[in-house]
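Asker: Note that the sequence shown covers residues 1002 to 1329 in my numbering.
Just so you know, these hints were derived from the structure itself, not from any lab.
Keep in mind that this is a model prediction, so the values were computed, not measured.
Glycine is no exception: its CB is placed at the ideal position from the N, C-alpha and C atoms.
There could be a bad hint or two in this list.
Per label pair, the in silico range of CB-to-CB distance [unchecked claim]:
#1 E1140 - D1011: 25 to 33 Å
#2 R1226 - C1041: 56 to 64 Å
#3 A1249 - H1185: 18 to 26 Å
#4 R1226 - D1011: 41 to 49 Å
#5 Q1070 - L1093: 28 to 36 Å
#6 R1124 - V1064: 49 to 57 Å
#7 A1051 - Q1008: 23 to 31 Å
#8 V1174 - M1048: 47 to 55 Å
#9 E1140 - Q1082: 26 to 34 Å
#10 Q1070 - P1293: 49 to 57 Å
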Amino acid sequence: MYSDLVQGLDSGNVAVLALLDTTAAFDSVDHVILLERLRCTFRISDMALAWFSKYLCGRTQSVRLHNEQSDFQAVPHGVPQGSVLGSLLFILYTTELSDITAKHHINVHFYADDMQLYLTCRRDDTAVCTSRLAACITEISDWMASKRLLLNHQKTDLLWCSRGGSQAASELVLDGSAVQPSSHVCDLDVQFDDDLSLKKHVDQLNGRCYSQLRRIRSCRRAVTRESAKTVVNSLVVSKVDYCNSLLAACTQQQTDKVQRVLNCATHVILGGSKYDHVTPLIRDDLHWLRVPERITFKLCLLVYKALHGLAPVYTVSQKKNKTLNSCP
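Kindly generate the complete structure, drawing on both the sequences and the hints.
Answerer: Pasting the structure below:
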């Protein structure tokens, strides 16, 4: 999605991104509708369909507080959360949404119950672009209502992206309420600025990492070096690596900010003064790559998976798809 938006801006156009939110999405799935969709749309029948019916139906829940527990109540709706199958069933339940967006010629990506709608247009066509987007979201809302889901317009985020000056950022009117454009939005824990520079994301990333490092530093003397390294990898380095391929086109100033996080983490694990030269410690003692190399490694890994059919099909060009489909 980020790549598509950047390409649109590089062509001199503007782009609009709408992030949709569904209220209690997993808890609202109707079992009867879901089983019917599995049977009619995906041709699941006989024992397989009976297995899904047993998996979904007859569930109960109760609440325990201290030594008290409520009576068990039936759970007639929803898919079990915290499992891969729960997310997959929700995706199958809402598969018709892609047909709605295709009808309105809107680009879309789904991640479980998160929906990202976006398109690009010329600077003087923002009104038409907004109208198309509003019509698409309205139809999505109507479809969800017919399937006992609720699209929360109050939590819909709108971001107009452009470069080289401001553009007429049109508001989005949904069910009589206006959704105002934001200067940045959070999508799957990544902060997108209206110029797609990711400055807001880097600043937030650094703030979170330094907060964790302060907590780790307070108890560093009580744990071994290997334990400290494990904790830092889990709570800090994992954040640095999350979606770091997006930073490939960022300025050196931005990547240097992230590198300072790793430098600080090195001192927390190995000790020493903040004025010590940290590059040999990162390379020889911790065996970490620096931030630019970590980004390059992630890009190479994504390209390798795309070329060998191990990545989602939207990461592969149409010409490559024919080649990959013929691979064993």
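Asker: Against this structure, judge whether each hint is valid.
Answerer: Evaluation of the provided hints:
1. As the Cβ distance of E1140 to D1011 is approximately 31 Å, the hint placing it in 25 to 33 Å holds.
2. Here the CB-CB span from R1226 to C1041 is close to 59 Å, well matched to the stated 56 to 64 Å.
3. Our hint of 18 to 26 Å for A1249 and H1185 holds, since their Cβ atoms are close to 20 Å apart.
4. Range check, R1226 to D1011: about 46 Å between beta-carbon atoms, so the 41 to 49 Å window is met.
5. For Q1070 paired with L1093, a C-beta distance near 34 Å keeps the hint of 28 to 36 Å intact.
6. Between R1124 and V1064, the C-beta spacing of about 54 Å keeps the proposed range 49 to 57 Å intact.
7. Between A1051 and Q1008 the beta carbon distance is about 47 Å. The supplied range of 23 to 31 Å is therefore violated.
8. The given range of 47 to 55 Å is respected by V1174 and M1048, whose C-beta atoms sit roughly 49 Å from each other.
9. In this structure the hint that E1140 and Q1082 lie 26 to 34 Å apart at CB holds, the actual value being about 27 Å.
10. For the hinted restraint 49 to 57 Å between Q1070 and P1293, the CB-CB distance of approximately 55 Å keeps it satisfied.
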